[in-house]
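Undergrad: Since chain L is already given, all that's left is putting chain H on it; use the hints.
Protein chains: 2
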Amino acid sequence: MKEVKVSVIGFGTVGAGVVDILLGNADVIATRTGVVLKLTRIADLDIKRDRGVKVPDGVLTTDSTEAIEAADVVIELIGGTTIARKIILQALNAGKSVVTANKALLAHYGAELFEAARKNGVDLFYEASVGGGIPIIKALREGLAANRINRICGILNGTCNYILTRMENEHADFASVLADAQKLGYAEANPSLDIDGFDTAHKTVILASLACGRWFGMDDVHVEGINGLDSRDIEYAAKAGYRIKLLGIIKNINGAIQMRVHPTLVATDSMIANISDVFNGVMVEGDMVGRTLFYGRGAGRQATASAVVADIIDIGRNLIYGTSQRVPCFKEGQLYERLSPMDEIESRYYLRFTVDDCPGVVAGISKILSEHSISIASLIQEEHTDADGSVPLVVLTHPASEKEMKQALEKIGAMPFNRAPVRLLRIETI
Amino acid sequence: MKEVKVSVIGFGTVGAGVVDILLGNADVIATRTGVVLKLTRIADLDIKRDRGVKVPDGVLTTDSTEAIEAADVVIELIGGTTIARKIILQALNAGKSVVTANKALLAHYGAELFEAARKNGVDLFYEASVGGGIPIIKALREGLAANRINRICGILNGTCNYILTRMENEHADFASVLADAQKLGYAEANPSLDIDGFDTAHKTVILASLACGRWFGMDDVHVEGINGLDSRDIEYAAKAGYRIKLLGIIKNINGAIQMRVHPTLVATDSMIANISDVFNGVMVEGDMVGRTLFYGRGAGRQATASAVVADIIDIGRNLIYGTSQRVPCFKEGQLYERLSPMDEIESRYYLRFTVDDCPGVVAGISKILSEHSISIASLIQEEHTDADGSVPLVVLTHPASEKEMKQALEKIGAMPFNRAPVRLLRIETI
Numbered sequence: 001m002k003e004v005k006v007s008v009i010g011f012g013t014v015g016a017g018v019v020d021i022l023l024g025n026a027d028v029i030a031t032r033t034g035v036v037l038k039l040t041r042i043a044d045l046d047i048k049r050d051r052g053v054k055v056p057d058g059v060l061t062t063d064s065t066e067a068i069e070a071a072d073v074v075i076e077l078i079g080g081t082t083i084a085r086k087i088i089l090q091a092l093n094a095g096k097s098v099v100t101a102n103k104a105l106l107a108h109y110g111a112e113l114f115e116a117a118r119k120n121g122v123d124l125f126y127e128a129s130v131g132g133g134i135p136i137i138k139a140l141r142e143g144l145a146a147n148r149i150n151r152i153c154g155i156l157n158g159t160c161n162y163i164l165t166r167m168e169n170e171h172a173d174f175a176s177v178l179a180d181a182q183k184l185g186y187a188e189a190n191p192s193l194d195i196d197g198f199d200t201a202h203k204t205v206i207l208a209s210l211a212c213g214r215w216f217g218m219d220d221v222h223v224e225g226i227n228g229l230d231s232r233d234i235e236y237a238a239k240a241g242y243r244i245k246l247l248g249i250i251k252n253i254n255g256a257i258q259m260r261v262h263p264t265l266v267a268t269d270s271m272i273a274n275i276s277d278v279f280n281g282v283m284v285e286g287d288m289v290g291r292t293l294f295y296g297r298g299a300g301r302q303a304t305a306s307a308v309v310a311d312i313i314d315i316g317r318n319l320i321y322g323t324s325q326r327v328p329c330f331k332e333g334q335l336y337e338r339l340s341p342m343d344e345i346e347s348r349y350y351l352r353f354t355v356d357d358c359p360g361v362v363a364g365i366s367k368i369l370s371e372h373s374i375s376i377a378s379l380i381q382e383e384h385t386d387a388d389g390s391v392p393l394v395v396l397t398h399p400a401s402e403k404e405m406k407q408a409l410e411k412i413g414a415m416p417f418n419r420a421p422v423r424l425l426r427i428e429t430i
Numbered sequence: 001m002k003e004v005k006v007s008v009i010g011f012g013t014v015g016a017g018v019v020d021i022l023l024g025n026a027d028v029i030a031t032r033t034g035v036v037l038k039l040t041r042i043a044d045l046d047i048k049r050d051r052g053v054k055v056p057d058g059v060l061t062t063d064s065t066e067a068i069e070a071a072d073v074v075i076e077l078i079g080g081t082t083i084a085r086k087i088i089l090q091a092l093n094a095g096k097s098v099v100t101a102n103k104a105l106l107a108h109y110g111a112e113l114f115e116a117a118r119k120n121g122v123d124l125f126y127e128a129s130v131g132g133g134i135p136i137i138k139a140l141r142e143g144l145a146a147n148r149i150n151r152i153c154g155i156l157n158g159t160c161n162y163i164l165t166r167m168e169n170e171h172a173d174f175a176s177v178l179a180d181a182q183k184l185g186y187a188e189a190n191p192s193l194d195i196d197g198f199d200t201a202h203k204t205v206i207l208a209s210l211a212c213g214r215w216f217g218m219d220d221v222h223v224e225g226i227n228g229l230d231s232r233d234i235e236y237a238a239k240a241g242y243r244i245k246l247l248g249i250i251k252n253i254n255g256a257i258q259m260r261v262h263p264t265l266v267a268t269d270s271m272i273a274n275i276s277d278v279f280n281g282v283m284v285e286g287d288m289v290g291r292t293l294f295y296g297r298g299a300g301r302q303a304t305a306s307a308v309v310a311d312i313i314d315i316g317r318n319l320i321y322g323t324s325q326r327v328p329c330f331k332e333g334q335l336y337e338r339l340s341p342m343d344e345i346e347s348r349y350y351l352r353f354t355v356d357d358c359p360g361v362v363a364g365i366s367k368i369l370s371e372h373s374i375s376i377a378s379l380i381q382e383e384h385t386d387a388d389g390s391v392p393l394v395v396l397t398h399p400a401s402e403k404e405m406k407q408a409l410e411k412i413g414a415m416p417f418n419r420a421p422v423r424l425l426r427i428e429t430i
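Residue numbers (my numbering), protein chains in the order written: chain L, 1 to 430; chain H, 1 to 430.
These aren't lab readings, by the way, just hints derived from the structure by calculation. Among the hints, a few may not be true.
If several chains are the same, the list does not tell them apart, and a pair holds so long as it fits within one copy or across any two.
Stated by the list, open to error - Pairs of lysine-lysine, DSSO-like flavour, derived with a Cα cap of 30 angstroms:
#, residue 1, residue 2
1, K331, K5
2, K2, K119
3, K2, K331
4, K38, K54
5, K38, K48
6, K367, K403
Excised from the complex, chain L in its bound form (with noise of 0.2 angstroms):
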């Protein structure tokens, strides 16, 4: 058994929770695998806190530059996408193999942090950075890597669950629930990133490389986030037998792929719609497999650190049977034919209007969407009229392209019944 010296640099939350692993499930990882870990260092700026670690004498350095030299593989922690990014380039150019769970480092630089990788001969590994503990980008790269992948939906961010799991069990208001998510520390101070969408866009970036082949980047991924969402909505679609769930999606129609984030509808009785809370899902389909589903927590301490010492331990094989790159961290290789913009994609749809009580509404509105051949599949109009002596209607459609929709939402939009403008939100069958 050889031994496998470890620097964790950033000793954050998940910095603690790899080092916990390292010094608490030592024995039970060599057991198991036969790679012994050793912790060598850990590199913070602040190493006076108390992460609740006993850490050993000599770990503790501020010097990363040390923390690198000093191991065979590097644990990237620190976040953010200036100094991460420097001394991950750092570790790859001094022959160093590296562990980070920086999704939006990856979404951003991936290719040409690969590329550094590819060029040192060394290993960078990022399970953590999707679906914290669910080893998802083991099982897309590995796992089933007999199939195309012909679809990708997953709930990728804990907190934009909590917050719409929150809304649904207490029929409560985005802002609230926000607001108390952030007093309970499942929120950030600054939530954008999480409920605009950005970090499931980052993740869902990573997955669609990894299933198409080609290291995507932010501008390929259209995204709406949940930040705003009308607790009405949520009320509607589940009176339809829908629940709304923030998805990354990922579609490959013909060689055509779309990649979009946006709150979506799902059927209350599927698999996805059932995960609450702050865990992720990830359904992935192949054109062998069928459809599988990867469910585990998202994120904190330990679950997110049990992913990267996976990708340790694989690291820790590699460098045992020296074949670094065995499984490439990144695979070039183009599996598609190109990107979808959203004028192209057909949904199903959910559509919200607030209009005036009078006759010729409904009349109106099924006109204009049936000449750009949108077809109801249902419609709920109830006896209640809102304060203000408009109320509500809503529609969902059979399948449907989105540029027929834009252009009949533009034209009802015009009409003189409308009091507020039509909310709409995509269904996706899984």
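TA: The following block gives chain H in isolation, referenced to the frame of chain L:
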């Protein structure tokens, strides 16, 4: 890119699926992994029957030895535990790596086969033996390698899950659903392996062995099937907020391992309760990652073949890099202390009594339960008398000792008010 020559032995349903993938997805696999898989031989006693796959000339043979000699990797898909065992040993001893989906063989002869692989320095992989297309073995061995595994609960048999789903949805009885499942090809003419729980037990042995580091045998697992399950129990369970699933359960309680297969009540809103029809799902709980779930098709030509080919790719990578046994097919190393006998387990229980409709029955039952420290969590007694004048009485308990429960039920069973044997089912909180 090196070519890896693959011989498939056994050209049945899964064999045809593997051939399908090797011929149809060879380009995707080469692009994604850099491994070029070449189908060299298909050996079967019957090489005339049309399997719906166009096989290249010169590939079909009735000579398994020739198929072994021609290959780098041998795929055993014959099934059974006699010829399959011989062929695998022959291949391993000839220095060929082997892939199998044969859970019965592994549950009975795993230790012998792994030893032969180790001795010959080759791989013996078996991803398809548990959970069909779900990459659960890779998850246990690699993705979750940083964890102590505290619990595994799996729906591991599609036939049973299909029968249970239909019994619940259609309020139908076991015998009629089984007969229909047989007509539709979802259950075998001789269904015992499935409905008596043995197939689930084979898979439970495999999962437990991987989690614990010792290759267990069928004698180590307690097995109860769904044969003859009463539809009334499904309905009472539903009223109490539960569904009945046939689970393989593995628990590590401070080093003492429970390994059991039985129909189990799980809360209706849990992820595992929502796994329907022929689908499988495995919940794995690690000390770091917490609760994870892996879901997908547990059987069928293409899904099972997806897992077989993932193993072939892994072996292909090992052949290219000269690193067979980099991830050992089974790594000995005791991660537990001892096996728990059933008497030692603790569980919550569902009990259905069939009793006379007379005073003192509830008092009599509850007194005896209480004397054995069994606490009642809820009780269902409806105003309803069966044709014979008996009434059903359903009790759900808090966690209690199996040993105390047995003793209590012996005493209760001896009371004069019983009209039929008590029905005991266990409840698992997931």
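Undergrad: If a hint holds in the structure, say so; if it doesn't, say that too.
TA: Structure-based check of all given hints:
1. K331 with K5: So K331 and K5 pass the 30 angstroms test inside a copy (27 angstroms) and across (22 angstroms) alike.
2. K2 with K119: Close inside one copy (25 angstroms) and across copies (21 angstroms); limit 30 angstroms.
3. K2 with K331: both (28 angstroms within a copy, 16 angstroms between copies)
4. K38 with K54: within (15 angstroms within a copy, 53 angstroms between copies)
5. K38 with K48: Intra 22 angstroms, inter 58 angstroms, cutoff 30 angstroms: intra-copy only.
6. K367 with K403: Close inside one copy (17 angstroms), not across copies (70 angstroms); limit 30 angstroms.
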